[in-house]
Structure formats: structure tokens, C-alpha cells
Amino acid sequence: MTTTSTTPLTLPRPFAQLLVILALFTLSSCISEPTESFRDLSVTLTDHRGQTVTFPDDYLGSPMIIGYVYTNCPDICSLITANVNQIEGLVREANPDLTNPSAANQPSYILMTFDPARDTPEQLAKYATSFNMSEEPFHFLTGDSTAIQTVMERMRVRTSVSYDTVSASGQRVYFLSHSDKIYLLDEDASLVYEYGGSMTTPTMMANDLSNEL
Amino acid sequence: MKFFLTKTFFAPFFSAVVLLTACQPSDSEMNKNPEMAPSTPDVVESTATITDDAFVVDGAWVRVGMQGGMSAAYFTISNGLDQDDVLLGATSSVAQATEVHETYDVGEGMMGMRERESLPIAANSLTEFKQGGLHVMFLRLTEELSEGDEVQFTLQFENAGNVTVTAPVRMR
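Chains as they are written, first to last, in numbering that gives the first Met the number 0: chain Y, 0 to 212; chain B, 0 to 171.
The hints are simulated quantities; they were obtained by calculation from the structure and are not laboratory data.
Be a bit skeptical, because a hint or two may be false.
What the hints assert, rightly or not - In silico EDC-like links for lysine to aspartate or glutamate, alpha-carbon gap of 20 Å or less:
no., chain 1, residue 1, chain 2, residue 2
1, Y, K125, B, E146
2, B, K129, B, E98
3, B, K129, B, E116
4, Y, K125, Y, E135
5, B, K129, B, D57
6, Y, K125, B, D148
7, B, K129, B, E101
8, B, K129, B, E149
9, Y, K125, B, E142
10, B, K129, B, E146
11, B, K129, B, E114
12, Y, K125, B, E143
Start from the sequences, fold in the hints, and give me the full structure.
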């Protein structure tokens with residue numbers, strides 16, 4: 000005896016309906032690929048020059064490179080910072096019109112701290128100076144803890160306190176475990192690429208940024 | 000609705016869904032896999048080789064840093080002796096505290112650090128201190144370190160004793 004192709008499935012009706020709906024939903028997400036956008040963050044932060052800025056609003060119109068650091072980190076974060084520095088140099092070499100920091104399509108090279116308690120604008124200014132990155136187009140950003148937390152959660156940068164101790168002089172000393180990230184955003188603050196910040200070659204990231212110009 | 004509950008529809012439909020779910024955009028499509036990218040050729044090409052009967056620290060350099068901030072020293076320990084050793088610690092006048100640390104993957108996508116209070120240095124081996132791994136950490140620099148400066152630090156070994164290293168300060 001052969002089963003005809005129109006034999007009904009014996010599934011509970013609501014379950015079957017749910018399966019169809021889920022399937023249609025799955026299909027619909029194939030048709031349009033959503034791009035992660037950070038445009039609506041509109042968070043008030045402070046840069047290392049002490050100026051109040053809105054992120055990412057003040058940087059729209061050109062691509063952005065964003066590295067996530069804290070200044071009490073001796074290894075990974077210094078490498079991320081040095082990498083962002085090198086990306087800027089490589090992009091400027093490949094696009095001579097960017098030699099002028101005020102060029103219309105000048106990208107923004109942002110280092111954002113996830114340790115706002117210690118990384119005040121003054122601290123970031125010293126840190127930037129030690130890397131020769133205190134001038135445009137570099138921006139070191141901090142803010143109040145709520146604002147920073149909002150950005151970090153949205154941008155999926157995780158941190159965790161480790162090695163929490165008190166020094167001989169009574170100062171709290173702590174280190175942070177953290178995600179190792181550099182982001183490339185386009186001029187509308189949509190995510191283009193997410194990189195391992197200390198593990199990706201500046202050359203590759205600079206090429207990707209040049210492609211966005 | 001009845002049609003959707005027939006095998007005519009369901010079998011091919013769900014096969015299609017299973018295949019098409021592969022086109023769901025995932026985090027990794029925008030994630031440049033670090034394994035695919037060449038590793039950062041950041042350290043000066045290490046020409047360190049193990050010289051027989053010699054215990055040498057070379058290729059040393061120190062990262063720029065702000066006064067009161069942190070920095071790190073990187074180098075290679077080349078133990079050409081037939082004897083194991085242990086790195087017990089490090090000292091320097093360039094910082095308030097100097098420690099041997101290691102960056103490592105703590106899980107959940109985070110990198111962290113841990114102190115290595117006694118690091119085994121095997122006989123006839125090379126131990127690399129490099130970014131993202133072992134490093135000597137300078138906590139709270141007593142002065143700003145700028146490109147072109149020089150820093151001295153001392154490594155304390157159980158057998159080799161104190162080895163003083165002079166290293167240039169570099170951006171990368």
C-alpha cells in the first residue's frame with residue numbers, strides 16, 4: 000500500500016502553525032542582511048582635550064576606527080593603541096589628501112576607555128602624548144561610568160576586574176580582563192569589520208579603511 | 000492552512016529552510032578571523048638562536064609609557080646550558096614596582112593577565128617574552144618613557160643569578 004503525497008502530517012495544529020511561522024521568519028532574515036548600526040547610541044562623552052563630544056554623532060561622515068583600552072594595561076592595550084597609530088599612518092600614506100587633518104573625508108581614530116574611574120581626560124591626554132597621538136585625527140574618549148557602560152555593552156566589549164589589591168601607599172591597584180577589539184565603522188557608524196585588536200595586522204585594517212573612503 | 004500541513008508542502012519546505020538557515024548573517028561574517036590574518040609582525044625579527052654553553056637575554060625593547068603609567072619589556076631568554084633555571088623576578092628603578100606577567104585568554108572572549116612568580120626556564124631552550132604573552136611589567140613609571148630613551152632592568156634567575164638588560168624604548 001503506497002502513501003499518497005497528500006497524506007496529512009499528524010502534528011498538533013498549533014505546533015504546526017508555529018513551525019510554519021518560524022520558517023517564514025527564518026526565510027525573511029535571509030532576504031535582508033541586517034548590518035549592525037551604532038548610529039543611535041548618541042552618548043555624551045569627553046575627549047582627551049576636555050571637550051564634550053557625542054558619540055558617534057560627532058564623527059559621522061567619515062569612517063571610524065575604534066580601539067578599546069584602559070591606560071593601566073601594559074601589554075594588550077598599548078599594542079592596540081600602537082596599532083591604531085600605525086593604521087592612521089598607513090591610510091595617510093595611501094591617501095595623500097589626508098595629510099591635512101581637516102580633510103573632508105578624514106577618518107576618526109578613536110581610543111575609548113572602559114576604565115573611566117581612572118582614565119580621566121587628563122590621564123588620557125598623558126597617555127595620548129606618550130604615543131604621539133595627542134593631535135587630530137586621534138580622539139581618546141572617556142565619560143561617566145553609565146555612558147561608558149552603555150557604549151561597551153552595545154559594542155560588546157566585556158570587562159572583568161582581576162588582580163584587585165591595595166598598594167603599600169594605600170592605593171587600590173586593579174587590572175581588568177577585557178575583550179581585545181578594534182572596530183571599523185563606516186561613515187554612518189555601521190559596523191564594517193570587527194578585529195582582534197592586538198592580533199590583526201595594521202596593514203589589513205588600513206586596507207579595509209581605505210576601501211571605505 | 001490545510002495545505003501547509005500536508006507532506007507535499009512540508010518535506011521540501013523544511014529542507015529548504017534547513018539549507019537557507021545557513022545564510023543567516025552571523026557575527027563571524029563581519030568578524031575578520033584573526034587566525035586568517037597573518038600575526039602582527041610587530042617584534043623585530045628575532046635572530047635569537049641558542050648558543051651552546053651560553054645563557055643570554057637579547058632582543059630586548061620597552062614600550063613607551065607616561066609617568067605614573069604602565070609599560071612592559073619584551074626580550075628572548077636563550078638558555079644554551081644543560082641546566083634548567085627559574086626566573087624568580089625582575090627589578091628596575093624605572094618603575095615603582097616591576098613584575099613578571101603573562102597575558103592569557105581568560106575565556107568568554109576576554110584577555111587578562113597573571114603574575115608569574117617563578118617561571119621555569121628549561122635547559123637548551125628559548126623563552127620569548129612578547130606582546131600578548133609573557134612580559135616584564137613596569138607598574139607606575141617614575142618617569143615618562145619616550146622613543147629613543149633607554150631603560151635598564153634586572154632579571155633574577157635561580158642559577159644564572161642577576162642579569163641586567165639595557166633596552167631601547169620604542170613605540171612598537
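Hint by hint, here is what the structure shows:
no.: 1; hint: K125(Y) - E146(B); verdict: 15 Å, holds
no.: 2; hint: K129(B) - E98(B); verdict: 15 Å, holds
no.: 3; hint: K129(B) - E116(B); verdict: 17 Å, holds
no.: 4; hint: K125(Y) - E135(Y); verdict: 15 Å, holds
no.: 5; hint: K129(B) - D57(B); verdict: 12 Å, holds
no.: 6; hint: K125(Y) - D148(B); verdict: 17 Å, holds
no.: 7; hint: K129(B) - E101(B); verdict: 9 Å, holds
no.: 8; hint: K129(B) - E149(B); verdict: 18 Å, holds
no.: 9; hint: K125(Y) - E142(B); verdict: 12 Å, holds
no.: 10; hint: K129(B) - E146(B); verdict: 18 Å, holds
no.: 11; hint: K129(B) - E114(B); verdict: 15 Å, holds
no.: 12; hint: K125(Y) - E143(B); verdict: 9 Å, holds
The structure shown violates none of the earlier numbered hints.
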